[in-house]
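**Student:** Since each chain sits alone in its own frame, please combine them into the complex, following the hints.
Take a look at the letters that make up each chain.
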Amino acid sequence: MATTTKEPPSAGAAKTPRPPKKERDVQGSGRLSALLLSPTIMVLALVVGYPVIAAFRESLYKRGEVLDAQGFIVESERFVGLDNYTAIFSGENADAFWNAFYNTTFFLVVTVSLETVIGVAMALIMHQALRGRAFVRASILVPWAIPTAISGLLWRWIFQTDGVANAIIGRQILWTTDGFHAKLGIIVAETWKTAPFIGLLVLAGLQMIPREVYEAAKVDGASAFEQFRRITLPLVKPALLVAVLFRMLDALRMFDLPFVLIGPNKDSVETLTMIAWQEANNLRYGPAAAYATVLFVYIAVLAYLFVKLLGADVIGEARQQRKPSAKRKKLGKVSA
Amino acid sequence: MTAVTAPGAAKSPRASKGAWRRRLLYAGVALVVGYCLVPFYWMIVSAFRRPANQFENTPLPAPFSLENFSAVFNPDNGFGRSLVNSVVVAGVTTVLTLIVGVFTAYALARLDFRFKNALLGIIIATSMFPGISQIVPLLKLFTDIEWMNTYQAMILPSLGFALPLAVWNLNVFFRQLPFELEQAAMVDGCSRGQAFRKIIIPLAAPGVFTTAIITFIAAWNEFLIARTMVNEKDMQTATVAISKFTGSATFDQPFGTQMAAGVVVTVPLVVMVLIFQRRIIAGLTAGGVK
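Residue numbers (this note's numbering), protein chains in the order written: chain A, 21 to 356; chain B, 4 to 293.
Isolated chain B (complex conformation) (with noise of 0.2 angstroms):
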């Protein structure tokens, strides 16, 4: 920037330094984005692929082919199905998951009580349990009461794994909120509750969605629970569905289908990622964590 109001005979080769730094800066974000969607958009290239030509590797379906798209819905895989338990599982579980940490991430955020921090600490750490020394023992118990191939044996699991960054998420939302509101609305004659309801709620919805569409996305991703607790086809999620399609041949992995179900699964999350992405990553980096 400064070349172009550097006089005379000092322009030129700072101008040149100044264009190459651009051309680098070009260069470096290419390089970016094509880091990040290069494997992507070869997962949506094979998918379109003829399933005679699956294993070429031209940068374009030669032609062009939905074939693969309708082995996907094949009723022999039962997609359709899987689908329909994954929207249930990750809905369930996100609307779970923020009704319950609403009312506890507003308790941390505005209200005083003791061991708030060890408490605040303690619901952060959960989140750092590895799923396995949950899903042992809850294999175990949900066998005992014959809750498995349930949806609720792979809800509660995994309410146990949002809720904690859920909670996180939402307080540090509350915390952005001017405590001033709530206390004008008390001294106009609201309760704490009506306070709660009527100025908090509205004005944290922004943050609310951001929180759901997280932990949705790491709901609808989820693959050990779904995998343990889960061994009829009728009940399991897409994505354990689509890992355990099978060729015509018993040891033919139907890339061509996988690839095509992926971009099925795929392509709502990464809509919903570019239209919200500004929320997202305020959702991420408010957390700082996944």
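Just chain A, with the same shape it has in the complex (with noise of 0.2 angstroms):
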């Protein structure tokens, strides 16, 4: 078996069927899932997995001139152990880095919490809607798939000084300018983007809630009020919780707006992704490296504890409930 080495768990599967299983198990599937496997997990390795652990090597090294036996200068990369992590944490890049966490954590809780507030506000309004359902659907879609790159662009125009902004407001602001007002205008356009998406993941999940839940909710005499606190969300949690952490690891790698909305090396706007690019852009991967290993690690202990606190359950409810809630889903299709 050459897939052995490549996928121990199902190889593993193949030698030892199990008794329980085998009426689903027809044509011995512990290959066969290997083998169908394998190239997915060939993929993720190569592109994920590897340069996660590459990163990490990466970030232990530091490249430089030094003399070679002969005395002569050459470019060559020596082990510095933690130096670049000290480096960054309180060494020569340490104003940097702390500029870059602060401004990420400030976008990634500023966003994710408007964004939220105002998904679940449109995704209330069209589930009320009765007409022009689809059209809303569909406006509301338009956000989401303009390029980021792009939104950045009209964004800038819009926020130019004599831009529309501006005339709207009657005020003189320089928006696209290092400063306070910069970061405000990352977090409007931010949230034009993606609060959408929020609204149409709440959406599907208020399809789901039976009505004749809010019809007993309405004889028992519970206020508008009182059935949004303790039927609307308690219901529609976990689609919410899945659509939050999405947003939130987004929101933590957050590069293309930033970069041309505002532009680089702009303090105010300087994201953990942008430092780490920037260095990487010259050639000190070292550094770079070390920028992206520690906002991994940043990114997977918010996943954790988020995932932990809240009990969002990314692959949980597919795999517990999964009967019951497609259909559920269809109905809900149908009656929408």
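Simulated from the structure, these hints should not be mistaken for laboratory data.
Each hint should be verified, as a subset may be incorrect.
Claimed, not checked - Only pairs whose alpha carbons sit at most 27 angstroms apart, straight line, appear in this in silico DSS-like list of lysine-lysine:
no.: 1; chain 1: A; residue 1: K82; chain 2: B; residue 2: K143
no.: 2; chain 1: B; residue 1: K201; chain 2: B; residue 2: K119
no.: 3; chain 1: A; residue 1: K238; chain 2: B; residue 2: K143
no.: 4; chain 1: B; residue 1: K247; chain 2: B; residue 2: K236
no.: 5; chain 1: A; residue 1: K286; chain 2: A; residue 2: K203
no.: 6; chain 1: B; residue 1: K247; chain 2: A; residue 2: K203
no.: 7; chain 1: A; residue 1: K286; chain 2: B; residue 2: K236
no.: 8; chain 1: A; residue 1: K328; chain 2: B; residue 2: K20
no.: 9; chain 1: A; residue 1: K257; chain 2: A; residue 2: K238
no.: 10; chain 1: A; residue 1: K82; chain 2: A; residue 2: K286
no.: 11; chain 1: A; residue 1: K286; chain 2: B; residue 2: K143
no.: 12; chain 1: B; residue 1: K143; chain 2: B; residue 2: K236
no.: 13; chain 1: B; residue 1: K143; chain 2: B; residue 2: K247
no.: 14; chain 1: B; residue 1: K20; chain 2: A; residue 2: K286
no.: 15; chain 1: A; residue 1: K257; chain 2: A; residue 2: K328
Claimed, not checked - Pairwise CB distance ranges (calculated):
no.: 16; chain 1: B; residue 1: V41; chain 2: A; residue 2: G101; range: 52 to 58 angstroms
no.: 17; chain 1: B; residue 1: A65; chain 2: A; residue 2: G241; range: 24 to 30 angstroms
no.: 18; chain 1: A; residue 1: T106; chain 2: B; residue 2: L180; range: 53 to 59 angstroms
no.: 19; chain 1: A; residue 1: N285; chain 2: B; residue 2: K20; range: 53 to 59 angstroms
no.: 20; chain 1: A; residue 1: A65; chain 2: B; residue 2: P205; range: 30 to 36 angstroms
no.: 21; chain 1: B; residue 1: V270; chain 2: A; residue 2: L66; range: 32 to 38 angstroms
no.: 22; chain 1: B; residue 1: W23; chain 2: A; residue 2: L134; range: 39 to 45 angstroms
Stated by the list, open to error - Example chain A residues on the side facing chain B (calculated, C-beta under 8 angstroms, incomplete):
no.: 23; residue: G50
no.: 24; residue: L56
no.: 25; residue: A107
no.: 26; residue: L134
no.: 27; residue: V156
no.: 28; residue: A165
no.: 29; residue: L173
no.: 30; residue: A296
no.: 31; residue: W297
no.: 32; residue: Q298
Quick reminder that beta carbons are idealized off the backbone N, C-alpha and C, glycines included.
**Tutor:** Here it is in structure tokens:
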């Protein structure tokens, strides 16, 4: 079996077929699944797994000029241990790092909260809408379909000094220069593009709530607000949590929007991805890899905490209640 | 609704309450649609302005003009070439993602093997990785093996980003197909491969198609990889090319041209979204992910 080394789990399954599953396992599905899974595993190992490990390894090295045995200056990489990390946290790069770290976290908190509130409000409105649902749904997909880089340019144009944003508010704010208003610009553009996405996912969750629940609550004399707080929110929570989790991950790796809307090397909007990219572009792979690894760990920790504390069940939903939810989804679609 | 059937005295206040509710709802819907479409509308309006009137803020382009569009296709920008690059990169990424993803999703949805949930979890988790932690080492690797400014240097990393979500989406679609169909085919003498080819693939075609659209849009919108792996003008994709347009003076950003190019790049997507909105929404909500 050539796949043994590549795919230990399913190769193992092939060797020891389990009796209880025998009835579904018609034709040696262990080997078949190994065969079917290996391309994906190979691609992911090559393009995702290897780079993460390579980035960590890279982050322990520093490229520099050293003298070789003959006394010539040569470009080489030498092992520097955790120097790149200490440089990030407390050394020469500390200011840039903590600034980017703060920006990334700030954008994460502000944009995701705004998007959640606006997205849920949008979903509630769309759910109530009787006519023109198709039109509303189509228009809500438009911000999602516009490439982030293009929407960055669009908002840069809107936020020009003599642009339409200043014309509307009647001020002369230099939005796209370095400063707090640049942050505001990013927040507006980011929220515009992604709040509809949350609205879409929440709407799908809303459509799965049976109408009878609300009727029963109405009979019991629950006010609209009570219905929202005690029925809508708890029942829509799984869909909302998954949506928020994925938005969080996206917000943490933000790059295109600040890069195009404000530009590189601007303190007020520089994110972790941007400084890592900047370092890599200047061939300082060691520090770049260290930034990337720090971001990776930061994302992993936040995602873990989010899943643990709030119980966002990303794969479990499909795993456990897949049949009822699939059916209900179909019903929801028909009634929509 | 109940207001209409309510008799006599109770009628008027409740009816007016219902009317108010409806009016409020329409206002809300208008707000949602406006929120989504007004900035996009501004891009279109700005694209059709005459460059001389570029900074006017009238809601319609006063002298309607296509000058910005002809500027987009000015040979200096190499925009036509970059559109071709975008189509190649996004197209190949989509096709490869689907070929690889369909088999994996089928195995995950249909076959039993140990560590299945763990594997599914790992595949989902890889979609959460930040792009930059892949790009830094890949940039170094591609520089070493002289893959810079090639299609594969853009396609391969995009594949890594697209694959987990495609597998997840397809997995959900495969699970919705009744298992009995396949069993019946196998009872009738089909092999598993034949059952897959003749029963599952045709039935899953809508799901595959949906995944293809979503993957294509994501690959078409990609910026970070394309910006990193390519520095030659001939190889840049459209999104990168537009962000690098230069005006007549060095620091003069040619917004009109950029908006026109944005329209060129976005309108096909928006049309696609309008036509396939039901499918796209089904796909987006099935995975619960981008």
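**Student:** Hint by hint, say whether it matches the structure.
**Tutor:** Against the structure, the hints come out as follows:
Under the criterion of a C-alpha separation no larger than 27 angstroms, the hint pairing K82 of chain A with K143 of chain B is consistent with the structure, at around 13 angstroms. For the hint pairing K201 of chain B with K119 of chain B, the CA-to-CA distance comes to about 25 angstroms; that is within 27 angstroms, so the pair holds. As the CA atoms of K238 of chain A and K143 of chain B are separated by approximately 63 angstroms, the hinted pair breaks the 27 angstroms bound. In summary, the hint linking K247 of chain B to K236 of chain B is supported, as the alpha carbons are separated by about 10 angstroms, within the 27 angstroms threshold.
As the CA atoms of K286 of chain A and K203 of chain A are separated by approximately 10 angstroms, the hinted pair is consistent with the 27 angstroms bound. A distance of roughly 22 angstroms separates the Cα atoms of K247 of chain B and K203 of chain A; the hinted pair therefore holds under the 27 angstroms criterion. Pair hint K286 of chain A plus K236 of chain B holds up; C-alpha atoms about 25 angstroms apart against a cutoff of 27 angstroms. For the given pair, K328 of chain A sits about 44 angstroms from K20 of chain B by alpha-carbon distance, which is inconsistent with the 27 angstroms threshold.
Our distance criterion of 27 angstroms between C-alpha atoms is met by K257 of chain A and K238 of chain A, whose separation comes to about 21 angstroms. Proposed proximity of K82 of chain A and K286 of chain A is supported: the alpha carbons are some 25 angstroms apart, at most 27 angstroms. With a CA separation close to 25 angstroms, the supplied pair K286 of chain A and K143 of chain B stays within the 27 angstroms bound. Our distance criterion of 27 angstroms between C-alpha atoms is met by K143 of chain B and K236 of chain B, whose separation comes to about 20 angstroms.
With a CA separation close to 24 angstroms, the supplied pair K143 of chain B and K247 of chain B stays within the 27 angstroms bound. For the given pair, K20 of chain B sits about 52 angstroms from K286 of chain A by alpha-carbon distance, which is inconsistent with the 27 angstroms threshold. Proposed proximity of K257 of chain A and K328 of chain A is supported: the alpha carbons are some 15 angstroms apart, at most 27 angstroms. A hinted range of 52 to 58 angstroms holds for the C-beta pair V41 of chain B and G101 of chain A, which are about 54 angstroms apart.
Checked against the hint of 24 to 30 angstroms, the C-beta distance between A65 of chain B and G241 of chain A comes to roughly 58 angstroms, which is inconsistent with it. For T106 of chain A and L180 of chain B, the Cβ-Cβ distance of about 54 angstroms falls inside the hinted range of 53 to 59 angstroms, so the restraint holds. Evaluation of the 53 to 59 angstroms hint for N285 of chain A and K20 of chain B yields a pass: the beta carbon distance comes to about 57 angstroms. At roughly 32 angstroms, the beta-carbon separation of A65 of chain A and P205 of chain B lies within the given 30 to 36 angstroms, and the hint holds.
As the Cβ distance of V270 of chain B to L66 of chain A is approximately 36 angstroms, the hint placing it in 32 to 38 angstroms holds. Checked against the hint of 39 to 45 angstroms, the C-beta distance between W23 of chain B and L134 of chain A comes to roughly 28 angstroms, which is inconsistent with it. For G50 of chain A, the suggested interface contact is upheld, since its CB lies about 5 angstroms from the closest CB of chain B, less than 8 angstroms. Checking L56 of chain A against chain B: minimum C-beta separation of about 4 angstroms stays under 8 angstroms; hint holds.
A cut of 8 angstroms between beta carbons decides the hint on A107 of chain A: the least distance to chain B is about 16 angstroms, and the hint is violated. Because the beta carbon of L134 of chain A sits about 12 angstroms from the nearest beta carbon in chain B, more than 8 angstroms, this interface hint is broken. With a least beta-carbon distance of about 6 angstroms to chain B, the hint placing V156 of chain A at the interface is held under the 8 angstroms criterion. At about 4 angstroms, the closest approach between the beta carbon of A165 of chain A and any beta carbon in chain B falls short of 8 angstroms, and the interface hint on this residue holds.
For L173 of chain A, the interface hint holds, since its Cβ comes within 8 angstroms of a Cβ in chain B; the closest pair sits about 5 angstroms apart. Using the Cβ-Cβ criterion of 8 angstroms, the hint placing A296 of chain A at the interface with chain B is satisfied: the shortest such distance is roughly 5 angstroms. For W297 of chain A, the interface hint holds, the least distance from its beta-carbon to any beta-carbon of chain B being 6 angstroms, beneath 8 angstroms. Proximity of Q298 of chain A to chain B is violated relative to the hint, the smallest CB-CB distance being about 11 angstroms (cut-off 8 angstroms).
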